[in-house]
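Undergrad: Chain by chain, the residues run as shown.
Number of protein chains: 2
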Amino acid sequence: MKDSIINNEADFIRNLAGDFPRHPRQINHLMEADAEIIRLIGTEDEFLVLKTDGIHEEIREGLYDDPYLVGWMCITAPMSDIAAVGAQPTGILLSLTLPQHSDDKWLRQFKAGINAACRTYNTYVLGGDTNFGHAFSVSATAVASIKSHRPLLRSGARHGDYLYATASLGLGNAYAYYRLFDSSIEIKYQPIARLAESGVIAKYASACIDTSDGLFPALSVLSEINKVGFDLTVPLQDLLHPSILPLKDHSGLPAWMFMAGPHGEYELLLTVPEKVNDEFQRACEGSILQPLFLGKIIDNETILFSSESLKVQCHPAAIANLFSESNGNIQSYFERLLKQHQHWINT
Amino acid sequence: MKDSIINNEADFIRNLAGDFPRHPRQINHLMEADAEIIRLIGTEDEFLVLKTDGIHEEIREGLYDDPYLVGWMCITAPMSDIAAVGAQPTGILLSLTLPQHSDDKWLRQFKAGINAACRTYNTYVLGGDTNFGHAFSVSATAVASIKSHRPLLRSGARHGDYLYATASLGLGNAYAYYRLFDSSIEIKYQPIARLAESGVIAKYASACIDTSDGLFPALSVLSEINKVGFDLTVPLQDLLHPSILPLKDHSGLPAWMFMAGPHGEYELLLTVPEKVNDEFQRACEGSILQPLFLGKIIDNETILFSSESLKVQCHPAAIANLFSESNGNIQSYFERLLKQHQHWINT
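Chains as they are written, first to last, in the numbering used here: chain X, 1 to 347; chain C, 1 to 347.
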């Protein structure tokens, strides 16, 4: 079994951003957190939190063509990162590229999606910039703050920690399959950034990352940063979002493919040290957070999982890298997934 | 003489952003400041300042093809807005769209321009996001703060105020002419955001805006927001950056065209009330700020100026609107400028 042993996207980011000096009060290293965290001058536990996130490929590839969804997602994507570090949002700035002659109805729906998301997250559009270009695209920068607690980072996970998700998984990839490969069974997709859940998480979690790129890419990042692996003791099919099941039956696709990435469900993935796990469970009782147990953190940099009758042990980056190896070509990516599945069945 | 009596770009922004509720602690109305200003909770005179600015058209139109300049400008543009509200930068986030196969040398030069600008402004790249697309483009979001003084807004200019610029003008448009129309006389262009000057300005100015879009578009915005006009008593040819003069002689273009926009010089334009003008002048002596006097604010919403033998009185938006009326077509814009000049000569 040949596994790619590098995280390609991480290498690209390091190459691009590695030459920039770090801010002396920035507490996260490159890729060590879902958002950028700057300690405020003269404070010990107050932080400015920032995150820029763009929606370009999703529009170009035809994944998002509903303007309401584009509006909803351009707010939800950075808010999910804000949630993953345990911050509360102040607001958001938008950078839009519009076609020279924009469709008024399209723009109204887009703005409706933005407004609905802002109301949901109790946040505001603070400003923005508009340019004209050949195709529509949008980048959003969220601004947030942390007061009186430590920020959540992707680092901090240790052998023996429990691994949880904020809810069931797979909806992002199921939606991509419905949009790009087979529209016979509709999948509804409008994820909610887990800001409301993140207060409890920030108290107990040793590490946190969102699944905006799907479960396996998130695990790949956690593995690389923490030098750990994962024993996913719960069979993956038991972690799937219930609304995927008709599509899963119809397509015959294995559960792991719905978690392979790169289009995620925007849940949070968190690790909880064993010694505070009981307390964490009690804190969740009666709260909005109903965590889904996935398995445990292990020392060995590997992922163990079962998906239906398949039992797999692979390098943490193996599944995540199938997408970057296909150079962003969705058709070729899907073929790689199928080939990988066949390979695992045969070995 | 037919003058457009609306500010087209402003109308567009109002239409786009008008449906978004404002943050309850945002102190600037839509377009009332060069950057977004949010009062910090529990303070009277501490503010979070934010600005998103994109470089798309400048690359597409061939105005910027030197990657070092693109890097320099993507930091300088939002920093200039930060300076215009009297804030000090914390850092910047970049949202990049790269062609699928990026040129390493190009990226190195781009990063060198970013790093040089960050050192100049004593600021840092805090994070970013990278997407792949057909052409390179970049948006930057600057984060800054104001402590212990009121922010500078575009509003606040009154009849009788003195109008100043931080330095001589016209270099942005001269550079555009050199790049797009006649390369026989080279113009060097690498503007510096006036952060160092902005401390003194914040103490005395009643209003401030940067000339990122050129002098006349900036005056058009100041006029609309403050319901005032301008008597530019200094002939425009005396306000031109000295390095433009060979190009001006060679091209025969009048001085006003170098201030028409839309590609500016990133100076600050400020208004100073008459009663503090002497004090302002004394504060400038021996400081880095050597303001250039342009004229005075008048009640009547009109602009009076002279350019060589021409004396003009026009609506404040008339010159600014020539660009939006040409729908972004540079050739057609230049023809409109020439036609406008001919019209003024003949009337």
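Keep in mind the hints are simulated off the structure, nothing from the lab. Every value quoted in this text rests on a predicted model; they were computed, and no experiment measured them. For each residue, glycine too, the CB sits at the ideal point set by N, CA and C. Hints are supplied without guarantee of correctness; some may be wrong.
[Said to hold, decoys possible] Derived CB-CB ranges, DEER-like:
1. X:K147 with C:D19: 24 to 32 Å
2. C:I41 with X:N15: 35 to 43 Å
3. X:L180 with C:I288: 29 to 37 Å
[To be verified] Output of the computed footprint for chain X on chain C, the stretches with three or more beta carbons under 8 Å from beta carbons of chain X:
4. 84–98
5. 196–209
6. 305–318
Undergrad: Check, residue by residue, whether the region 84–98 of chain C contains three or more positions whose beta-carbon lies closer than 8 Å to a beta-carbon of chain X, and give the verdict.
TA: holds (count 7)
Undergrad: Count the residues of the region 305–318 of chain C with a beta-carbon closer than 8 Å to any beta-carbon of chain X: does the count reach three?
TA: Violated - the region 305–318 of chain C has 0 residues with a Cβ nearer than 8 Å to chain X, which falls short of three.
Undergrad: Mind checking the hinted window 35 to 43 Å against the Cβ distance between I41 of chain C and N15 of chain X?
TA: Hint holds: Cβ distance 39 Å, inside 35 to 43 Å.
Undergrad: Do L180 of chain X and I288 of chain C keep their Cβ atoms within the hinted range of 29 to 37 Å?
TA: 56 Å, violated
Undergrad: Just to be sure I understand the hint, the distance between the Cβ atoms of K147 of chain X and D19 of chain C should be within 24 to 32 Å; is that true here?
TA: 31 Å, holds
Undergrad: Residue count check for the region 196–209 of chain C against chain X: does it reach three with CB-CB under 8 Å?
TA: Violated: only 0 residues of the region 196–209 of chain C have a Cβ under 8 Å from chain X.
When the structure is compared with the earlier hints, violations turn up for hints 3, 5, 6 and for no others.
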